[in-house]
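Chemist: Okay, here's what each chain looks like letter by letter:
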Amino acid sequence: MSENFNNNLYVVNYLFRQAPGYVILSIVSKILSGLRDVWTNVILISLIINTVFYHKDLKFLALAFIGYLILVLLDLLLSNIMTALVAPIMEEKISVIMEKQLFHKIIEMDLEAFDNPNFYNNYVIALKAAKQTIFSAFHNIAAFLGNFVSMLLVAGIFIKIDIIMLILTIMAVYCNFCLNKKNSELQYQKFCELQIYSRRRDYIRNIFYLHEYAKDLKITNISKRLIKDYWLACDKTGQILKLFNKKLCLFSVLQNYIPNVIIINFLILLYTGYRIIILRNLEMGDFVTIYNGISSIFASLCFVLGSFLVSYRENAKYIKKLREFFAYVPKMKDVKKENTEEFDSLTLQQVQYCYPGSDVNCIDGISMNIKNGDKIAIVGYNGAGKSTLIKLLLRLYDVKDGQIKRNGINICDIGIRQYQKDYSVLFQDFQIYAATIAENIAMDFNYDSNEIRRSIRESGLENKVNEFELGIETSLLRRFEEGKILSGGEMQKLALARVLYHTGKVIILDEPTTALDPVTEYEFNQKIAEAFKNKSVIFISHRLTTTRMADVIYVMDKGQAAEWGTHQELLEKHGIYYNMWHIQADSYMNAK
Amino acid sequence: MKWILILLVLGSIRSLASIFYFQYINERLDLKIQKRMDALLFEKARKIDLECYENPEYYNKFNRVLTNMNRLPADVVFNITSLFSFVLLSIILFSYMWNVDSVILLFGVCPIISSYIVGKNNDLKYKCTIEKTRWDRQKSYVDETIYQKDYIKELKLTNIGNVLQNKFNEAAGKNVSIQRYYGIKMLGFSILEKLFSETFVFAGGCLYAMYRLFLCKDLQAAEFVVLINAIRTFNNRMNRALLFVNKAGEHSLQISDLKEFMDYECKMKDGIQECGGVEEIVFNGVAFQYQNSEDYALKNIDLTIRRGEKIAIVGYNGAGKTTLIKLLMRFYDVVEGCILYNGKNIKEYKLEQYRRNFAAVFQDFKLYALSLEDNIFMGDKHEPGDAKAKDALSKVGLWGKVNQFRNGLKTMLTKEFDHDGEVLSGGEGQKLAISRMYVKDFEIAILDEPSSALDPIAENEMYHTMFEAANTKTVIFISHRLSAAAKADKVVYMEKGTIVEQGTHNELMKQKGKYYQMFCLQAEAYNRSGLQYE
Numbered sequence: 008m009s010e011n012f013n014n015n016l017y018v019v020n021y022l023f024r025q026a027p028g029y030v031i032l033s034i035v036s037k038i039l040s041g042l043r044d045v046w047t048n049v050i051l052i053s054l055i056i057n058t059v060f061y062h063k064d065l066k067f068l069a070l071a072f073i074g075y076l077i078l079v080l081l082d083l084l085l086s087n088i089m090t091a092l093v094a095p096i097m098e099e100k101i102s103v104i105m106e107k108q109l110f111h112k113i114i115e116m117d118l119e120a121f122d123n124p125n126f127y128n129n130y131v132i133a134l135k136a137a138k139q140t141i142f143s144a145f146h147n148i149a150a151f152l153g154n155f156v157s158m159l160l161v162a163g164i165f166i167k168i169d170i171i172m173l174i175l176t177i178m179a180v181y182c183n184f185c186l187n188k189k190n191s192e193l194q195y196q197k198f199c200e201l202q203i204y205s206r207r208r209d210y211i212r213n214i215f216y217l218h219e220y221a222k223d224l225k226i227t228n229i230s231k232r233l234i235k236d237y238w239l240a241c242d243k244t245g246q247i248l249k250l251f252n253k254k255l256c257l258f259s260v261l262q263n264y265i266p267n268v269i270i271i272n273f274l275i276l277l278y279t280g281y282r283i284i285i286l287r288n289l290e291m292g293d294f295v296t297i298y299n300g301i302s303s304i305f306a307s308l309c310f311v312l313g314s315f316l317v318s319y320r321e322n323a324k325y326i327k328k329l330r331e332f333f334a335y336v337p338k339m340k341d342v343k344k345e346n347t348e349e350f351d352s353l354t355l356q357q358v359q360y361c362y363p364g365s366d367v368n369c370i371d372g373i374s375m376n377i378k379n380g381d382k383i384a385i386v387g388y389n390g391a392g393k394s395t396l397i398k399l400l401l402r403l404y405d406v407k408d409g410q411i412k413r414n415g416i417n418i419c420d421i422g423i424r425q426y427q428k429d430y431s432v433l434f435q436d437f438q439i440y441a442a443t444i445a446e447n448i449a450m451d452f453n454y455d456s457n458e459i460r461r462s463i464r465e466s467g468l469e470n471k472v473n474e475f476e477l478g479i480e481t482s483l484l485r486r487f488e489e490g491k492i493l494s495g496g497e498m499q500k501l502a503l504a505r506v507l508y509h510t511g512k513v514i515i516l517d518e519p520t521t522a523l524d525p526v527t528e529y530e531f532n533q534k535i536a537e538a539f540k541n542k543s544v545i546f547i548s549h550r551l552t553t554t555r556m557a558d559v560i561y562v563m564d565k566g567q568a569a570e571w572g573t574h575q576e577l578l579e580k581h582g583i584y585y586n587m588w589h590i591q592a593d594s595y596m597n598a599k
Numbered sequence: 073m074k075w076i077l078i079l080l081v082l083g084s085i086r087s088l089a090s091i092f093y094f095q096y097i098n099e100r101l102d103l104k105i106q107k108r109m110d111a112l113l114f115e116k117a118r119k120i121d122l123e124c125y126e127n128p129e130y131y132n133k134f135n136r137v138l139t140n141m142n143r144l145p146a147d148v149v150f151n152i153t154s155l156f157s158f159v160l161l162s163i164i165l166f167s168y169m170w171n172v173d174s175v176i177l178l179f180g181v182c183p184i185i186s187s188y189i190v191g192k193n194n195d196l197k198y199k200c201t202i203e204k205t206r207w208d209r210q211k212s213y214v215d216e217t218i219y220q221k222d223y224i225k226e227l228k229l230t231n232i233g234n235v236l237q238n239k240f241n242e243a244a245g246k247n248v249s250i251q252r253y254y255g256i257k258m259l260g261f262s263i264l265e266k267l268f269s270e271t272f273v274f275a276g277g278c279l280y281a282m283y284r285l286f287l288c289k290d291l292q293a294a295e296f297v298v299l300i301n302a303i304r305t306f307n308n309r310m311n312r313a314l315l316f317v318n319k320a321g322e323h324s325l326q327i328s329d330l331k332e333f334m335d336y337e338c339k340m341k342d343g344i345q346e347c348g349g350v351e352e353i354v355f356n357g358v359a360f361q362y363q364n365s366e367d368y369a370l371k372n373i374d375l376t377i378r379r380g381e382k383i384a385i386v387g388y389n390g391a392g393k394t395t396l397i398k399l400l401m402r403f404y405d406v407v408e409g410c411i412l413y414n415g416k417n418i419k420e421y422k423l424e425q426y427r428r429n430f431a432a433v434f435q436d437f438k439l440y441a442l443s444l445e446d447n448i449f450m451g452d453k454h455e456p457g458d459a460k461a462k463d464a465l466s467k468v469g470l471w472g473k474v475n476q477f478r479n480g481l482k483t484m485l486t487k488e489f490d491h492d493g494e495v496l497s498g499g500e501g502q503k504l505a506i507s508r509m510y511v512k513d514f515e516i517a518i519l520d521e522p523s524s525a526l527d528p529i530a531e532n533e534m535y536h537t538m539f540e541a542a543n544t545k546t547v548i549f550i551s552h553r554l555s556a557a558a559k560a561d562k563v564v565y566m567e568k569g570t571i572v573e574q575g576t577h578n579e580l581m582k583q584k585g586k587y588y589q590m591f592c593l594q595a596e597a598y599n600r601s602g603l604q605y606e
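For the protein sequence lines, the chains are A and B, in the order given.
My numbering puts the first residue of the first sequence at 8, with every later residue one more than the last.
My numbering puts the first residue of the second sequence at 73, with every later residue one more than the last.
Mixed in with the good hints there might be a few duds.
[Stated by the list, open to error] Keeping only pairs whose Cα atoms sit at most 30 Å apart, straight-line, the calculated DSS-like set for lysine-lysine is:
no.	chain 1	residue 1	chain 2	residue 2
1	A	Lys188	A	Lys324
2	A	Lys471	A	Lys378
3	A	Lys491	B	Lys568
4	A	Lys235	B	Lys482
5	A	Lys66	B	Lys289
[Said to hold, decoys possible] Covered stretches of chain A (chain B as the covering partner; in silico rule of three or more C-beta atoms under 8 Å from a C-beta of chain B):
no.	stretch
6	28-40
7	74-87
8	90-103
9	201-211
10	235-248
11	251-259
12	420-434
[Stated by the list, open to error] To give an idea of the chain A side of the interface with chain B (calculated C-beta under 7 Å), a few residues:
no.	residue
13	Phe452
14	Asp455
15	Thr521
16	Lys580
Quick caveat, the hints were computed from the structure, so don't treat them as lab data.
The beta-carbon is built from N, C-alpha and C at its ideal position, and this holds for glycine as well.
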């Protein structure tokens, strides 16, 4: 309970730090609405009645009426300004700040954390929701404060009229509260149990309307299987509804009868009747006040125990994740050290790495020495650890044991971003962004147009870009604006242009050609060989023809460098490389 | 006293009935309606032309229908019954008030004015949302990107994050100015609306009542309360009734969407012929053009495939290879020419039955958040723990891994619904997709770049096993690895939507045409060095 409270409080605190004015204004506006309700429904009417029937001062009534008008107009103005202008605009602005904070946090986060599907499901998906939640949580709390103030006010008025009345009302409220607490707990339980099946149903419904699944639905029987699951989820939902609704129904009846019928309609009626008719010491207006006051309190209570509490708890779950996310401390320690020395060599000494949660070393004692200008190839089966090795080199992971040294200095003692600047990387799963071609190449919004043109010329994308009216300023993808779509081969050239633009000291190419047709692949390899003549290049590939020309080929097997040497040397060894080469080459040789 | 008691009893019966209905029955009835609706929608969605998915206008509608449908039936029923009951109540209230004090009816004008303002305001809101949609999409693009695992490496290594941040800020800025522009207008309208719907009515009601109390002096205290409450209730009812009318308008739009969707006649017509095993497939001058595209995706395709043949389709990216196999599976109908299956146009066969002949491994294969077994059998009948699944997984080299899973074939894939679910890597996923072929009783297997995520050894084994297992079955595969194509009975080389060369590997090599060039390009690297070595 206190955890939920802390999490909800965190939201108010967080928003207050970003935009104190907005937070205060929202709360004031909600409280004003609460005051207005009480003033209108509880105070004003009884005042009119009392003035008429007990011939009280008209001036007082006039003042109250003017007060009412001022309150109403103020509330009208403030609440509408809030909903029409302030809230949407401030939320937009706060979302920018949040986005920035989240982004920096994500960038800082260890890549390892992303490899862990649990983490991924737990946080990243929750984070998206949290951004929305933070506002709805705040609105929820502000609404609570408004209701709370009006409840207090009504209670105050009751004390003034008759303390017994307050006690009776509190009894009714307490009764209602107890029943409602049970009720809302049941509601929440029901909500949680239903969620499992509603997610399942949504998942299946999605499959039926997403383009990517259409082919499977037409050609296989998977739809039958899915519909069966869907029915099952529906039946389960029905069962849960039946089970919970029975109890909920009972509670509602109790809730309706004990506090409402017995206490309010019977006890309070009796008591007020007694005072009016027998004691003759209760004014008519006060009688009206009491009845309107009770319904006002019940309306507030209904909100607090109903929708407020459900969202209060639900929101707390997401906020908890958000807080944990903000509190995340990356394992990889960054140091603020400039290193302006030119790249000269990279040395790996007995490097070991093992993925969290696994007890097998994925990289198991690799040593390498890469000098400026070397061409290195890394080959091996799927899962031999090639891509992991690259991630270690780029310091996307930290080694578990051993050392990686740049110019003889351990890379852990160099600023991460600073260290990574040496590299230009072309990943197999490189991404295209919904930005201009130039931005996609420079990977930044500041770029040198001449350099961009040079790199598209060298990568062979120039002709395509010239077809576009806007040239390198042309937007790509159709995510939110009508951008151009590039073909697979063209995207590959764009990715190559990236590497050509960023004249890093070390070029890393991680299986860049798997999706290409043979001719494009060939041309691609030619271009790479030409463009990076004077650079250090690290290739990863399982196409041995692309790696043949390397100065040193490392053959990786089970996380170790099983063999290394030039192509010729390795063939003479008659080891793994020899086998791999022949399996690939023979299929061509025999065919020829 | 008797009357009060009767009223009390009637009131409690009513509230009991309403509690019983809303708390106990209502949700379950909704569920039933939803279930029936979904059954209809799913069936329709499954049959709808693939083309519809590629037509953004239609697809958006289709999407809207399916998302709204979840709530729509219940909403409509609720709306109509409420409207009905409100109208009834309003009439009673109206006649009652006519008797008590007809002046009050003047207050009924207020809701009419306010509902007019609400309409105006909603138009503005709608425009505002529409204008924001584009920027919201930009924002959510940035969000999706930075939270996705696929992008994280590049985000860490480059400054592309700054570009994305800029996009986000730009979109948020635009949204702010749009909100400012519309917000000021909306502010006016919403204040006016509230004035008419609440303030005027209440303040006016009070003033009128006070006028009668103080000046006419013809009102009792109880009557005063009744009067004030009557004004407010009447006003409230009017407001709600008008709201329901608005809602009904909204619903009618959604219902017409639904009707359009359900009445959509698939272009792909079902035939009447029974479809037997394949003997021969002939493409006869086939041409195809995608909707909204000016160029032909395929032209002049002539191709004959006989039972048991292994066909390799090769060529550049974008040469039309995938389109060709989609036409064969009748995802689209040809624009010109025809495809003959055992001598009859494929359009004459029963569509479902015809498609069941194929086992297909698509380039963009999908895994489902179901058990491993279900992912292999894909809804086909099977015994639990069927040996066929084990056999299929061994063939693709995945059994070793699956055997280690605690729940074996019952293991759930993805963590979507099961924390202990397994997440497969790209290569493993591809192997699983291929294994589907081995449990299916198919006539023709179609594989579209089935080895792109496999290493050369696994790739080699995959083709070897596949040829062996397919044995007398017909296989059509698309591949960039020409060493695999060389093993096929027939190689089809495509370029720019046409078949440029076809024949056996040896024939094409002798021709020394485009295929020869492409093959040499790949083989050369091995060959040259191989010769050097030997």
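Chemist: For each hint, tell me whether it holds in the structure or not.
Modeler: Do the hints match the structure? See the list:
Taken as a hint, the A:Lys188 and A:Lys324 pair is honoured in the structure, with Cα atoms around 19 Å apart against an allowance of 30 Å. Distance hint between A:Lys471 and A:Lys378 is unfulfilled; the C-alpha atoms sit about 37 Å from each other, more than 30 Å. As the CA atoms of A:Lys491 and B:Lys568 are separated by approximately 20 Å, the hinted pair is consistent with the 30 Å bound. The hinted pair formed by A:Lys235 and B:Lys482 meets the criterion: a straight-line CA distance of about 17 Å does not exceed 30 Å.
Straight-line distance between C-alpha atoms of A:Lys66 and B:Lys289 comes to about 18 Å, which keeps the hinted pair within the 30 Å bound. Counting residues of the stretch 28-40 of chain A whose beta carbon lies closer than 8 Å to any beta carbon of chain B gives 0, which falls short of the minimum of three for the stated coverage. A count of 7 residues in the stretch 74-87 of chain A with a Cβ less than 8 Å from any Cβ of chain B is obtained; the coverage claim is therefore met, three being the minimum. With 9 residues having a beta carbon nearer than 8 Å to a beta carbon of chain B, the stretch 90-103 of chain A meets the requirement of three or more and the stated coverage holds.
A stretch counts as covered by a chain when three or more of its residues have a beta carbon under 8 Å from one of that chain; for the stretch 201-211 of chain A and chain B the count is 4, and the coverage holds. Counting residues of the stretch 235-248 of chain A whose CB falls under 8 Å from any CB of chain B gives 7; the rule of at least 3 is met. Coverage of a stretch by a chain is defined here by at least three residues with a beta carbon nearer than 8 Å to that chain's beta carbons; for the stretch 251-259 of chain A and chain B the count is 5, and the condition holds. Beta-carbon proximity to chain B at under 8 Å applies to 4 residues in the stretch 420-434 of chain A; the threshold of 3 is reached and the given coverage holds.
Taking 7 Å as the C-beta contact cut-off toward chain B, the hint placing A:Phe452 at the interface holds, the least distance being around 5 Å. Proximity of A:Asp455 to chain B is violated relative to the hint, the smallest CB-CB distance being about 14 Å (cut-off 7 Å). Using the Cβ-Cβ criterion of 7 Å, the hint placing A:Thr521 at the interface with chain B is satisfied: the shortest such distance is roughly 6 Å. Below 7 Å, beta-carbon pairs count as interface contacts, and A:Lys580 has none with chain B, the closest being about 12 Å; its hint is therefore violated.
Hint violations for this structure: numbers 2, 6, 14 and 16, all remaining hints satisfied.
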